[in-house]
Amino acid sequence: MADTLERILTSAASGMSAQSIRMNTIASNLANVGNTRSTPETTYHQKYPIFSEVTQAVAGLNDEDQPIGGVRVTDIQKTTKALERRYEPNNPQANAEGFVYMTDVNPIEEMTNMISASKAYEANVQMMTTTKDLMVKSLEVIKERG
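According to our numbering, the residues represented by the sequence shown are 1 to 146, in order.
Take the hints with a grain of salt, since some may be wrong.
Label pairs and their calculated CB-CB ranges [what the hints assert, rightly or not]:
1. 134 <-> 88: 27 to 37 Å
2. 78 <-> 141: 49 to 59 Å
3. 84 <-> 136: 31 to 41 Å
4. 92 <-> 48: 21 to 31 Å
5. 6 <-> 118: 39 to 49 Å
6. 34 <-> 138: 16 to 26 Å
7. 140 <-> 79: 45 to 55 Å
8. 108 <-> 78: 12 to 22 Å
9. 143 <-> 122: 26 to 36 Å
For the record, the hints were derived by calculation from the structure and aren't laboratory data. Ideal Cβ positions, reconstructed from N, Cα and C, are used throughout, including at glycine.
Work out the full structure: start from the sequences and follow the hints.
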């Protein structure tokens with residue numbers, strides 16, 4: 001039973017870590033809303049984390065140290081959407097032709113993602129709290145019988 005509870009705690013902790021990275025990525029996106037640059041290559045592109053299930057032991061650790069299960073962030077990707085090009089010759093970021101490229105970050109989409117990540121983080125915290133409470137109750141029962 002202790003092994004099962006430990007696995008639950010490990011899975012919840014990995015979920016919290018992954019959602020924390022997701023929220024930091026979203027915060028970076030929101031900080032760059034409205035940014036412009038003179039070329040598509042130098043313009044900020046929306047970023048998003050890639051999640052992967054932990055399906056095998058992490059290198060350097062044996063199976064007892066790294067239970068299988070949980071989630072981790074394996075990469076942070078940038079979108080490849082075409083950026084909006086605007087004619088703004090007075091913009092200090094404008095290129096020689098007077099054009100700027102707008103970031104592809106949608107603040108409404110990012111705020112929705114932030115709420116989702118926050119709720120997922122909270123769910124993992126609740127799972128850890130419930131598991132901890134079960135462990136404490138189990139120890140109380142054992143103590144009463146012993």
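Evaluation of the provided hints:
Remark: the range hint 27 to 37 Å for residue 134 to residue 88 is contradicted by a beta-carbon distance near 59 Å. One distance hint, 49 to 59 Å for the beta-carbon pair residue 78 and residue 141, holds here, with the actual separation near 52 Å. One distance hint, 31 to 41 Å for the beta-carbon pair residue 84 and residue 136, is violated here, with the actual separation near 55 Å. The hinted window of 21 to 31 Å between residue 92 and residue 48 holds, with their beta carbons roughly 29 Å apart.
Residue 6 and residue 118 have their C-beta atoms about 26 Å apart, which leaves the hinted 39 to 49 Å range violated. Separated by about 53 Å at the C-beta atoms, residue 34 and residue 138 break the suggested range of 16 to 26 Å. In this structure the supplied range 45 to 55 Å holds for residue 140 paired with residue 79, their Cβ-Cβ distance being about 51 Å. A hinted range of 12 to 22 Å holds for the C-beta pair residue 108 and residue 78, which are about 20 Å apart.
A beta carbon spacing of about 31 Å between residue 143 and residue 122 agrees with the range 26 to 36 Å that was offered as a hint.
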